[in-house]
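Need the complex rebuilt from these two chains, each delivered in its own frame; the hints are there to steer you.
Top line first, the protein sequences correspond to chains A and B.
If you read the first sequence in the working numbering, its first letter stands for residue 1, the second for the next number, and so on.
If you read the second sequence in the working numbering, its first letter stands for residue 1, the second for the next number, and so on.
FYI, nobody ran anything at the bench for these hints, they're computed from the structure.
Any given hint might turn out to be false.
As the list claims (entries may be wrong) - List of simulated lysine-lysine pairs, BS3-like, C-alpha gap at most 30 Å:
id : chain 1 : residue 1 : chain 2 : residue 2
1  : B       : Lys48     : B       : Lys89
2  : B       : Lys48     : A       : Lys17
3  : B       : Lys7      : A       : Lys102
4  : A       : Lys148    : A       : Lys75
5  : B       : Lys89     : A       : Lys113
6  : A       : Lys85     : A       : Lys75
7  : A       : Lys17     : B       : Lys93
8  : B       : Lys93     : A       : Lys120
9  : B       : Lys89     : A       : Lys120
10 : B       : Lys84     : A       : Lys97
11 : B       : Lys48     : A       : Lys103
12 : B       : Lys84     : A       : Lys103
13 : A       : Lys116    : B       : Lys45
14 : B       : Lys45     : A       : Lys113
15 : A       : Lys116    : B       : Lys7
16 : B       : Lys45     : A       : Lys17
17 : B       : Lys7      : A       : Lys85
18 : A       : Lys97     : B       : Lys89
19 : B       : Lys48     : A       : Lys116
20 : A       : Lys139    : B       : Lys48
21 : A       : Lys148    : B       : Lys45
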Amino acid sequence: MKINSLFLDFLKFFPTKVAYAHCDIPCGIYDPHMAQMASHTVIRMTQMLNDLTAEKDIPFEERKKIIHQIARLTKVKEEHAELVKHEIRVLWADYFKEEHLKKYPDLHSLIFKILKLASKARQEINMDAANELLENVQKMAEIFFETKGLKSVRVKSPYPTGGEIVLQDVRRPQ
Amino acid sequence: MLLSIFKISGHSMEPAIRDGQNVFVSGISYLFSKPKAGDIVAFRKNEKVFVKRIAKINNDNYFVRGDNREDSLDSRKIGWINRKEILGKVIFKISNY
Chain A
1 MKINSLFLDF LKFFPTKVAY AHCDIPCGIY DPHMAQMASH TVIRMTQMLN DLTAEKDIPF
61 EERKKIIHQI ARLTKVKEEH AELVKHEIRV LWADYFKEEH LKKYPDLHSL IFKILKLASK
121 ARQEINMDAA NELLENVQKM AEIFFETKGL KSVRVKSPYP TGGEIVLQDV RRPQ
Chain B
1 MLLSIFKISG HSMEPAIRDG QNVFVSGISY LFSKPKAGDI VAFRKNEKVF VKRIAKINND
61 NYFVRGDNRE DSLDSRKIGW INRKEILGKV IFKISNY
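This is chain B alone, in the form it adopts within the complex (with noise of 0.2 Å):
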């Protein structure tokens, strides 16, 4: 995937991206160098795409949460999450489209 819109369902990642919001997840970002720790990215989950922030690496896997923390369903729930499955880096925000 080298480049690709979604639109956000959930609050997890408020105040950083809201809910509806659409945002553009670039796959050349990490075709170079690879995530780092505090990077928003896509990945699939159960044939499902989340967005959450990187908050942990451990050789290849990444432990992942929202930044609305009360809240997320993220690695605490869904366990770490491995490089294979992260589809690309949350680059911008678009909020009206």
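Next up, chain A with everything else stripped away, as it sits in the complex (with noise of 0.2 Å):
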């Protein structure tokens, strides 16, 4: 028991790597457009933040409002944040292959950007990380839909935020 324990701790000096074992179903089921909403939705807590305001000294009841309006806002921006990582890793991981790599070959910059982009505006107030994440993420959208011999297009988006979202054009013949 005790020379198990000492080879167990002799070996966290081993440095370790990760072997995948995946048991992911190969359905080929993926799409960047949960990866968009999530993006739009962080742009929108965060200009829902900026835009609240208060009175000096006001009631407390008053704060009392502002301080659940700011937590509720936080905490759908930092779920919506992390939705974004977790849709773009699931692509990078599960879709996007060495071919694509060699076709793309900043492909795996731009999703590290992504990644980054998507904590900064998380752990932030900040438009302008909200703004480039979605911009970086319908860059990524783009080369997916190519990557799929698709067409894409960005049209207006119908959300509160404006801006665009990439769509698959199906007005074009692929």
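Following this line, the structure appears as structure tokens:
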């Protein structure tokens, strides 16, 4: 028992790498839409946080309402920035393949940039980071459609954030 | 690679290897002999390291699959792997480390 414990302690000095034994069902269903929607939500929450105003020396009940609203907006911003990261990680790990990396050599750095921007937009009330996040997610969405041999189009988003979303262009011959 | 420790992420090799277990992978095992069907091997594919069991061999190409076949991402999806992509043989696993 003691020897076993010593052996395990000794092993902790060895560097450990990750080996994947994936159990993902290879269903082939991937879409960058969720990441875009979540990016828009991060922008919207940032807008709403920036829009909050309060007079100096407001009554406690008013202050409580504002703090409550900040908490709610921040929570949703946190969740959706994390959702962007989750969706991007799935596309990166499960969808994009070596041949895509050969054709789009900047794909790794684009993914890395998106993950860092999502963290920044999550940590701060930063409209520039939130907008840049969406822009880079959309660049990745365009690459995604290209890898599938599909045309994509940027259309005006139906969200209060304005801006655009990237969709498969069904009007053009594929 | 002579000897490395890998932490397993995923369930495709259950029950032989569980998610979160650490395994020793030896590159020495295949210095003097070729990988055999039934061996659990670590290999590099798409810039990531995977652990699977060899099911079929065709010259220097190996068809690998997970033991948990219903849900495993394996050669049915990733294709045959080449001998050059094999890093080594899983020689033993460690449960709590």
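Take the C-alpha atoms of A:Lys148 and B:Lys45, compute the straight-line distance between them, and say whether it is at most 30 Å. Given that 30 Å is the threshold and the Cα spacing comes to 21 Å, the pair holds.
Quick one, are B:Lys48 and A:Lys103 close enough, alpha carbons at most 30 Å? holds (18 Å)
Do the alpha carbons of A:Lys116 and B:Lys7 lie within 30 Å of each other, as the hint requires? Since the Cα atoms of A:Lys116 and B:Lys7 sit roughly 25 Å apart, the hinted pair holds (cutoff 30 Å).
Given the hinted pair B:Lys93 and A:Lys120, is their Cα-Cα distance within 30 Å? Between B:Lys93 and A:Lys120 the Cα gap is close to 39 Å, so the pair fails against 30 Å, i.e. violated.
For a C-alpha distance cap of 30 Å, please report whether B:Lys48 and A:Lys116 respect it. Roughly 21 Å between the alpha carbons, so the hint for B:Lys48 and A:Lys116 holds.
30 Å Cα cutoff - pair B:Lys7, A:Lys85: Cα-Cα ~23 Å, so holds.
Would the hint linking B:Lys48 and B:Lys89 be met if the CA-CA limit is 30 Å? Distance of about 16 Å is within 30 Å: holds.
Distance restraint between A:Lys85 and A:Lys75, which requires alpha-carbon spacing of 30 Å or less: holds (16 Å)
Mind checking the alpha carbons of B:Lys45 and A:Lys113 for me, to see if they're no more than 30 Å apart? Roughly 23 Å separates the two Cα atoms, so the pair holds.
Decide if the proposed pair is consistent with the structure: A:Lys116 and B:Lys45, CA atoms, cutoff 30 Å inclusive. holds (25 Å)
Are the Cα positions of B:Lys45 and A:Lys17 separated by 30 Å at most? holds (15 Å)
Straight-line alpha-carbon gap A:Lys97 to B:Lys89, limit 30 Å: The hint holds at about 25 Å.
The structure does not agree with the numbered hints 4, 5, 8 and 9 stated previously, though it agrees with the rest.
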